[in-house]
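Student: Chain residues, written in single-letter form:
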Amino acid sequence: MKPKAILFDMINCGGCSRCVKACMELHGFKGDPEQVKDLSATAYTCLVPEKEDYTVRNLCRHCVSPACASVCPVGALVKTEEGPVVWDGDRCLGCRYCMVACPFSIPRYEWDSTVPCVRKCDMCIDRIREGKKPACAEACPHDATVFGDRDEILAEARRRIRKSPKEYYDHIYGETEIGGTSVMFLAPFPVESLGFKKILGTDPLPALTANVLKKIPTVLVCGGAALLAIWWITKRRDEVALAESNPRWKGMNR
Amino acid sequence: MSAERTNHRLGFWKGMFYLLVAIGLVLTVVRYTKGLGAVTNLSDRYPWGLWKAFNVLVGVGLGGAGFTLMGLSYIFNARRFRPIVRPAVVMAFLAYTSAAVALMIDIGRSWAIWHPIVMWNPHSVLFEVAWCLMLYTGVLALEGSGMLFERLGWHRAAHIQHTATVPIVIAGVLLSTLHQSSLGSLFLIAPGKLHPIWYTSMLPLLFFISAICVGLAMLIIMSRLSAHAFGRQFDVPLLGDLSRILVAMLGVYGLARIWDLTLRGQLGTAFGWGYESAMFQLEFGLGVVVPFAVLVWPKLRANWHLLYGGAMFAVFGFVMNRMNVAITGFEGAQGGRYVPSWEEVFMTLMVVALVFGGFGLAVKHLPVFPDVGVGKAPAVARAQVGSHRFSAPELN
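These protein sequence lines map, in sequence, to chains A and U.
With our numbering as the guide, the letters of the first sequence map in order to residues 522 to 775.
With our numbering as the guide, the letters of the second sequence map in order to residues 6 to 401.
Hints are computed from structural coordinates only; laboratory data are not their basis.
Watch out, some of these pointers could steer you wrong.
Lysine-lysine pairs mimicking DSBU-like chemistry, simulated, CA-CA at most 35 Å apart [to be verified]:
#1 U:Lys-39 - A:Lys-558
#2 A:Lys-600 - A:Lys-654
#3 A:Lys-756 - U:Lys-39
#4 A:Lys-756 - U:Lys-304
#5 U:Lys-39 - A:Lys-542
#6 A:Lys-551 - U:Lys-39
#7 A:Lys-600 - U:Lys-39
These numbers come from a predicted model, not from an experiment.
So that you can see chain A by itself, here it is in the shape it has in the complex:
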């Protein structure tokens, strides 16, 4: 299966909250979808007000090279070939490094549970595997949340910008940022919210730690050799000093 992606088009979104409602119903979460202000362990997506009465969705970006998956010590978070980044409760030990690492601060924790889970959007991976759309994309009445293969989604985004260049700000958020994401955004103006700041750059975040981890074998080999050498030299120096202090040796030296 080709990797999938979601496109969120701010211009088409009227803020009806049907995506939030569909998500909550699918997962059996209770509450009023219109009252959801932030992501939580019982809200995998929410609508965030932007300037000029626009609304933007917040949800897991399903990064192409996810920081959360790279930092997880036990590989409980995995980037699937279908595109979603999913969490495996049988592996997770609850260190919450994924929450520290996520550049968008997406993962939520069940703080009041004795068997806590990391909670976040999984792009409805079970539905995708059945050939269906994620619940939010299916519920959207205005083509604001669209789902498809990532390359087709990108083409669709470009098509929309080309068609109405005056309405759209010419940038697809998530196309290249930190190596690309599988949830992308179109906006009428540069968006500062959502964590797509310039500071993130286009290099995948896992490279930052991979570069350090790569040095470990060198440190071990060179460090080990250096320590052995120092040990041998200092030991030898002591032996020489000891020998030279021996009166018999002194005599021989003369």
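Chain A is already provided as a structure; the job is to place chain U on it using the hints.
Tutor: What follows is chain U alone, placed relative to chain A:
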């Protein structure tokens, strides 16, 4: 010091120990029956708090005293340090086990703590740290096993342990180099979140150097405390050596920090106004500049109180640094403030109390300080110390 006063003091600390452990245990029960949210101020914005920053980052750093001293006395063959090798190993072992205990309480699924042994993710810095910590705690146990063998009278085992000392020490120094620096690498993944005063690609190197600094400072403090507790005299030449190396390392560390801030153009921010800047200045000023400025003068560091005070400031700076990297540095990006709950503070104190209790037990039952050791009355030891100052028989 009269015996009565000593007993009073001991009684007070014993009382404190039981009180802290009792409160801590009650809170531990609450934590495991109601979840982390019931006892901590951790949140989705601040998933890492006091336990990760203090018990793990600081705890493991203070345990750096172990590898610093083992390296000095066995690799650099500085025999003068041998008398404090054993207390340092015991302290490091306790620091690492206490970090493991705290980590176990901190993680959401404590029963899964062993997962990194079989479930591998070599791309994860934390995976590497977990392995290094496990292996190094094993190495520390090996380094300390000589004491146990001696106590049990297993001379053959003690002899084998003694023969294997150098390879064990080399393994320990390498593992420590890796995980002390990797604790800094943990934060490399969060360039958008950690404040630029602390976020730098040099984090691993800075964490490593500062672990050596704090290791040396802890050795100075430990020498004083053990001298105090066991009626020993201070071994002045030994402390002179320690303080000289500490000054040099503090100098290297201070210069590296300034150089790094300058290269990244953050010097102005670091020494400017604002919350983060103030926290940095507190960390750097009190924790690096002050101890360096005092201890760099041979006359001043020859003064006991100043040397001890300088070492305390260096430890304070280290604690501040780890707290700033793990907590303060995230507050700008995450919004709001994280302040630990009283429950978090008390559970931290419980773990600290257990470390002190463990050290007391080890000193009582193992030949940690050989001439005070098992079966000898302290008075005899004091007399011995008086006659040939701190002349513990060649250890290991």
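Student: All the hints need checking, so say for each whether the structure fits it.
Tutor: Now the hints, each set against the structure:
Taking the CA atoms of Lys-39 (chain U) and Lys-558 (chain A), the gap is about 26 Å. The hint holds against a cut of 35 Å. Only pairs whose Cα atoms come within 35 Å are accepted, and Lys-600 (chain A) paired with Lys-654 (chain A) is accepted, the gap being roughly 18 Å. Between the alpha carbons of Lys-756 (chain A) and Lys-39 (chain U) the distance comes to roughly 57 Å, so the proposed pair goes past 35 Å and is violated. Between Lys-756 (chain A) and Lys-304 (chain U), the direct Cα distance comes to roughly 32 Å. Compliance with the 35 Å bound is thereby established for this hinted pair.
Distance restraint check for Lys-39 (chain U) and Lys-542 (chain A): the Cα-Cα separation of roughly 30 Å lies within the 35 Å cut-off, and the hinted pair is therefore satisfied. Of the supplied pair hints, the one linking Lys-551 (chain A) and Lys-39 (chain U) holds, its CA atoms being roughly 22 Å apart against a limit of 35 Å. Restraint check for Lys-600 (chain A) and Lys-39 (chain U): satisfied, since their Cα atoms lie roughly 32 Å apart, inside the 35 Å limit.
The earlier numbered hint that this structure contradicts is number 3, and it is the only one.
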